[in-house]
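**Q** One letter stands for each residue in the lines below.
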Amino acid sequence: MDKNTLLSRLSAREIIARRCAMEVEDGEIVNLGFGIPTLTANYLPPGVTVSFHGENGCFGFGPKPATLDAQSDITNAGTEPVSLLPGAAMLDLATSLGAMRNGFIDVTVLGALEVDQEGNIANWATNRHGRWWPGPGGAMDLCYGVPKIVAALQHIDKAGDSKVKKRSTLPLTGRNCVTTIVTEKAVFSVKPKGEGLVLIETFPGLDVEDIRAITEADFEVSPDLCPMRLGLD
Amino acid sequence: MDKNTLLSRLSAREIIARRCAMEVEDGEIVNLGFGIPTLTANYLPPGVTVSFHGENGCFGFGPKPATLDAQSDITNAGTEPVSLLPGAAMLDLATSLGAMRNGFIDVTVLGALEVDQEGNIANWATNRHGRWWPGPGGAMDLCYGVPKIVAALQHIDKAGDSKVKKRSTLPLTGRNCVTTIVTEKAVFSVKPKGEGLVLIETFPGLDVEDIRAITEADFEVSPDLCPMRLGLD
Amino acid sequence: MSRNKVMALDEAMTRVKAGTRLMVGEFVGAGEPARCIEWILEHKIGDLTLICATPGMAGGFGKANLFSADLVRELIASHVGTTAESSEAYFAGTLKIEQFFPLGTWAEKVRAGALGLGGVLVPVGVGILDEPGLFPDLAEPKQKITVKGKEYFVEEPLRADVSIVKGWRADPLGNVEFRYTGQQNQRDLAMAGDYAIVEVNEIVPVGTIPPERVGIPHPFIDAVVQGHSLAEQDRRYRDHWIKLGRLAPML
Amino acid sequence: MSRNKVMALDEAMTRVKAGTRLMVGEFVGAGEPARCIEWILEHKIGDLTLICATPGMAGGFGKANLFSADLVRELIASHVGTTAESSEAYFAGTLKIEQFFPLGTWAEKVRAGALGLGGVLVPVGVGILDEPGLFPDLAEPKQKITVKGKEYFVEEPLRADVSIVKGWRADPLGNVEFRYTGQQNQRDLAMAGDYAIVEVNEIVPVGTIPPERVGIPHPFIDAVVQGHSLAEQDRRYRDHWIKLGRLAPML
Numbered sequence: 001m002d003k004n005t006l007l008s009r010l011s012a013r014e015i016i017a018r019r020c021a022m023e024v025e026d027g028e029i030v031n032l033g034f035g036i037p038t039l040t041a042n043y044l045p046p047g048v049t050v051s052f053h054g055e056n057g058c059f060g061f062g063p064k065p066a067t068l069d070a071q072s073d074i075t076n077a078g079t080e081p082v083s084l085l086p087g088a089a090m091l092d093l094a095t096s097l098g099a100m101r102n103g104f105i106d107v108t109v110l111g112a113l114e115v116d117q118e119g120n121i122a123n124w125a126t127n128r129h130g131r132w133w134p135g136p137g138g139a140m141d142l143c144y145g146v147p148k149i150v151a152a153l154q155h156i157d158k159a160g161d162s163k164v165k166k167r168s169t170l171p172l173t174g175r176n177c178v179t180t181i182v183t184e185k186a187v188f189s190v191k192p193k194g195e196g197l198v199l200i201e202t203f204p205g206l207d208v209e210d211i212r213a214i215t216e217a218d219f220e221v222s223p224d225l226c227p228m229r230l231g232l233d
Numbered sequence: 001m002d003k004n005t006l007l008s009r010l011s012a013r014e015i016i017a018r019r020c021a022m023e024v025e026d027g028e029i030v031n032l033g034f035g036i037p038t039l040t041a042n043y044l045p046p047g048v049t050v051s052f053h054g055e056n057g058c059f060g061f062g063p064k065p066a067t068l069d070a071q072s073d074i075t076n077a078g079t080e081p082v083s084l085l086p087g088a089a090m091l092d093l094a095t096s097l098g099a100m101r102n103g104f105i106d107v108t109v110l111g112a113l114e115v116d117q118e119g120n121i122a123n124w125a126t127n128r129h130g131r132w133w134p135g136p137g138g139a140m141d142l143c144y145g146v147p148k149i150v151a152a153l154q155h156i157d158k159a160g161d162s163k164v165k166k167r168s169t170l171p172l173t174g175r176n177c178v179t180t181i182v183t184e185k186a187v188f189s190v191k192p193k194g195e196g197l198v199l200i201e202t203f204p205g206l207d208v209e210d211i212r213a214i215t216e217a218d219f220e221v222s223p224d225l226c227p228m229r230l231g232l233d
Numbered sequence: 001m002s003r004n005k006v007m008a009l010d011e012a013m014t015r016v017k018a019g020t021r022l023m024v025g026e027f028v029g030a031g032e033p034a035r036c037i038e039w040i041l042e043h044k045i046g047d048l049t050l051i052c053a054t055p056g057m058a059g060g061f062g063k064a065n066l067f068s069a070d071l072v073r074e075l076i077a078s079h080v081g082t083t084a085e086s087s088e089a090y091f092a093g094t095l096k097i098e099q100f101f102p103l104g105t106w107a108e109k110v111r112a113g114a115l116g117l118g119g120v121l122v123p124v125g126v127g128i129l130d131e132p133g134l135f136p137d138l139a140e141p142k143q144k145i146t147v148k149g150k151e152y153f154v155e156e157p158l159r160a161d162v163s164i165v166k167g168w169r170a171d172p173l174g175n176v177e178f179r180y181t182g183q184q185n186q187r188d189l190a191m192a193g194d195y196a197i198v199e200v201n202e203i204v205p206v207g208t209i210p211p212e213r214v215g216i217p218h219p220f221i222d223a224v225v226q227g228h229s230l231a232e233q234d235r236r237y238r239d240h241w242i243k244l245g246r247l248a249p250m251l
Numbered sequence: 001m002s003r004n005k006v007m008a009l010d011e012a013m014t015r016v017k018a019g020t021r022l023m024v025g026e027f028v029g030a031g032e033p034a035r036c037i038e039w040i041l042e043h044k045i046g047d048l049t050l051i052c053a054t055p056g057m058a059g060g061f062g063k064a065n066l067f068s069a070d071l072v073r074e075l076i077a078s079h080v081g082t083t084a085e086s087s088e089a090y091f092a093g094t095l096k097i098e099q100f101f102p103l104g105t106w107a108e109k110v111r112a113g114a115l116g117l118g119g120v121l122v123p124v125g126v127g128i129l130d131e132p133g134l135f136p137d138l139a140e141p142k143q144k145i146t147v148k149g150k151e152y153f154v155e156e157p158l159r160a161d162v163s164i165v166k167g168w169r170a171d172p173l174g175n176v177e178f179r180y181t182g183q184q185n186q187r188d189l190a191m192a193g194d195y196a197i198v199e200v201n202e203i204v205p206v207g208t209i210p211p212e213r214v215g216i217p218h219p220f221i222d223a224v225v226q227g228h229s230l231a232e233q234d235r236r237y238r239d240h241w242i243k244l245g246r247l248a249p250m251l
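From first to last, the protein sequence lines stand for chains A, B, C and D.
For the first sequence, counting from 1, position 224 maps to 224 in my numbering; every step adds exactly one.
For the second sequence, counting from 1, position 211 maps to 211 in my numbering; every step adds exactly one.
For the third sequence, counting from 1, position 146 maps to 146 in my numbering; every step adds exactly one.
For the fourth sequence, counting from 1, position 52 maps to 52 in my numbering; every step adds exactly one.
Mixed in with the good hints there might be a few duds.
[Said to hold, decoys possible] DSS-like mimics (lysine-lysine), calculated; alpha carbons at most 27 Å apart, straight line:
(1) 96(D) <-> 144(D)
(2) 243(D) <-> 64(B)
(3) 148(C) <-> 148(D)
(4) 191(B) <-> 150(D)
(5) 193(B) <-> 165(B)
(6) 243(D) <-> 144(C)
(7) 144(C) <-> 96(D)
(8) 148(A) <-> 193(A)
(9) 142(C) <-> 243(D)
(10) 158(A) <-> 193(A)
(11) 96(C) <-> 142(C)
(12) 148(B) <-> 166(B)
(13) 148(C) <-> 150(D)
(14) 44(D) <-> 17(D)
(15) 17(D) <-> 144(C)
(16) 150(C) <-> 193(A)
(17) 64(A) <-> 165(A)
(18) 148(A) <-> 165(A)
(19) 148(B) <-> 64(B)
(20) 150(C) <-> 144(D)
(21) 166(B) <-> 191(B)
(22) 150(D) <-> 150(C)
Honestly, the hints are just simulated from the structure, not real lab data.
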């Protein structure tokens, strides 16, 4: 299969997960949120070995086990059965969350409902019957304490509106904290302190105007703009 | 040896330790301070099995081991070599101190520089060169959180002054917290909230006036006043 | 160290009454005290205030059934929506949720209750969770304090009448051992309850659990009850994971 | 999980310089990182701010020698007087001690620094430690707050430039295992330092330490250094205990 055919067959989810994996460096402590972020683990570049953190109290998760090897006491933060790699370490919940708050997690990939040009991310609350729901879990702790925060989301919602906003109006998970925004169309780097977006990559075949057409946020264009790195080579 | 001869040969330290041991009930979690309180462990009544707590992070200490069995990583809160009994449990320092603060220790026996008729105890600070020294350690945490606090001290100091005061003038370790005062001469029960002392036992041969003569504090006399229980029968 | 804390389920659970403020150990349904939860369902003990990290695992598993049986009056958690049952009760108005907390904040509040602290100062969510209108049911605004020029929430302790936690093994003294990610904050929950029940897969003689493997030391436990065996527990989780599509069905 | 954190003592200890704010794991001299302390003594690294539970064990043992060598400018601890060396330096005016804390308060302050909290509210000592004149060297009075009608001290976090802790075994990733009472608050101290060194009796291959026996998970450690063997460590403590009269001399 030639590369163009391959690219055309990639799902939005796979594109995002593949590109997020490029943000992870060898030796890092990594926390992956649910949904698309979890898929990131499948696409780490060769030679990149990391320690996956589960907020429920573990460093060193491995892949899903075979059904009969699955154990009720070896689960990730979403209570999916996982395995433990050599060097895995358990810890209690309060310490696990303290590690998230205090900078011990190097990078997190988080799903998002919306992001915006100030580096804000919203992923814990939708309004139902006048109440915000379903609650923050550990995402807010991650947004507070992790130095490298990758927001993973589809570029537009079902109504066709951009999810990369000028200013998110949902309750935020973190303010001025996102460092990179990855969608199936583009990658934005967020300037320090949330002072604006820089378009650094586009999906092969898309140009800057294509991205402007589907993006509510303002953004600069990097002089080094290049096609999205997907680890397909 | 008849009982009177036996009594006459008891040291002040042994009298105090023996009587303190009567305050400990079967199944209790017990924290013993240094000095005389530590000796209490030697005189527990038959059938009384307790769990000794060490603030450095252990429940279930046993006696000092033989020299060659002593291990650098099995020590009590004063870094004396100890042993571990079946059922011993380790815990981290912050949790160990939290257990002291929050009522998980049933009884503590604490040495004291002074006690007073309000149930105050002073045992962490002497004034040297205008500075209070040497620091509280875990004693203040115990005085805050333990429901049954036995103060163990000699009745008079080297100058002949009573250490059972009307009002201690030293920095306190705990306020209105002592439940029982044990000296080599007498045992006082402290009324709830430190509202005064009640003389409940005297060393065999001493009467109320003997105790009044060596005690600065005011005290009532229990209608059930009896000779000090020393577990010698 | 002489008390024998092993009890029949019925004896230990008499502490759980209508209106009890109850902590339950778990993390999204992992580490749940299954038999104690079943007991509450069977005896229809209602009007409970439930303090736990999340409502549980999706798909009608364990603790989630407390919500569909309308036994929970109030939930104090970090998530509301990990189970459909809790979300439905919340939106139907039968389940009160005044506020929820970032997970680390929730865990610290439980720990503060466990260890006799007056509270903790938490920076997470300042400028977000204190936005007016975010928690319309809250009686008072969240208390804040400034320390060295930075704002923190003053997070008060959480405590309960009864805590029910889940361990792997326990001895009759009440020492509890955990397996792998079963640890969670079960110890803090046990310490934050006036009465602490542990359900375990196996009850072992005193001295079996190595001193450094004790996850909850004996003074923090009041009652030890026999739960499902580890094999039975594993089977139940595997079956549920297969039902949810998280594991491949067995051939 | 690919970093190898094992280092020569000299390499790891370059982080400790004159004026360093240094946390050292120990409890009255138990659980001390002996070789790292010896390195500081040999290299005469002075002007240190030392944060540890106590100055150490009496009788010229280990860390206590830092005080007689006049290498410690300030001590932040719970005890001042467990060693004669620290007391002498304090009263000679060469050792600054502005305040000391109840042990539980000290441990919570370290933990708050370790876990990114803004502080903790501690009830212990209220009405005693805030008496005017008790700490004449204190720049400001202790901060208090009232929560639900009860007064607490607002205890701020303690952090350090470097933390040196002591474990039994470690693997090259930085996972650390403790024996018995060696646990103390070594993990919190490691997490509260910008750079964390662990000295261990034994360095073992990755996978040797069971996941539930890891006392300090690998992300919290930056350097692993080889200390004395366990046999040598035991010998040193026994010899010192015999010297202090705490153990019977061997025949």
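**Q** Each hint should be assessed against the structure and marked as holding or not.
**A** Structure-based check of all given hints:
For the suggested pair residue 96(D) and residue 144(D), the alpha carbons sit about 24 Å apart, so the restraint of at most 27 Å is met. As the CA atoms of residue 243(D) and residue 64(B) are separated by approximately 16 Å, the hinted pair is consistent with the 27 Å bound. Under the criterion of a C-alpha separation no larger than 27 Å, the hint pairing residue 148(C) with residue 148(D) is consistent with the structure, at around 24 Å. Note on residue 191(B) and residue 150(D): the hinted pairing holds, with a Cα-Cα distance of about 23 Å set against a maximum of 27 Å.
A threshold of 27 Å between alpha carbons decides the hint, and for residue 193(B) with residue 165(B) the separation of about 17 Å falls inside it, so the pair holds. The straight-line distance between the Cα atoms of residue 243(D) and residue 144(C) is roughly 54 Å, outside the 27 Å bound, and the hint therefore fails. Between residue 144(C) and residue 96(D), the direct Cα distance comes to roughly 33 Å. Violation of the 27 Å bound is thereby established for this hinted pair. Only pairs whose Cα atoms come within 27 Å are accepted, and residue 148(A) paired with residue 193(A) is accepted, the gap being roughly 12 Å.
In summary, the hint linking residue 142(C) to residue 243(D) is not supported, as the alpha carbons are separated by about 57 Å, beyond the 27 Å threshold. Distance check on the hinted pair: residue 158(A) and residue 193(A) sit about 30 Å apart at the alpha-carbon level, beyond 27 Å; violated. Simply put, residue 96(C) and residue 142(C) have alpha-carbon atoms about 18 Å apart, close enough for the 27 Å limit, and the pair holds. With a CA separation close to 21 Å, the supplied pair residue 148(B) and residue 166(B) stays within the 27 Å bound.
For the hint pairing residue 148(C) with residue 150(D), the CA-to-CA distance comes to about 23 Å; that is within 27 Å, so the pair holds. Taking the CA atoms of residue 44(D) and residue 17(D), the gap is about 10 Å. The hint holds against a cut of 27 Å. Restraint check: the Cα-Cα separation between residue 17(D) and residue 144(C) comes to about 38 Å, which exceeds 27 Å; the hinted pair is violated. Note on residue 150(C) and residue 193(A): the hinted pairing holds, with a Cα-Cα distance of about 17 Å set against a maximum of 27 Å.
Proximity of residue 64(A) to residue 165(A) is assessed by CA-CA distance (about 36 Å); at most 27 Å being required, the pair is judged violated. With a C-alpha separation of about 20 Å, the suggested pairing of residue 148(A) with residue 165(A) holds against the 27 Å cut-off. For a cut-off of 27 Å, the pair hint linking residue 148(B) to residue 64(B) stands: about 26 Å separates their Cα positions. With a C-alpha separation of about 17 Å, the suggested pair residue 150(C) and residue 144(D) falls inside the 27 Å cut-off, and the hint holds.
As the CA atoms of residue 166(B) and residue 191(B) are separated by approximately 14 Å, the hinted pair is consistent with the 27 Å bound. A threshold of 27 Å between alpha carbons decides the hint, and for residue 150(D) with residue 150(C) the separation of about 24 Å falls inside it, so the pair holds.
Violated hints, in rising order: 6, 7, 9, 10, 15, 17; the structure is consistent with all others.
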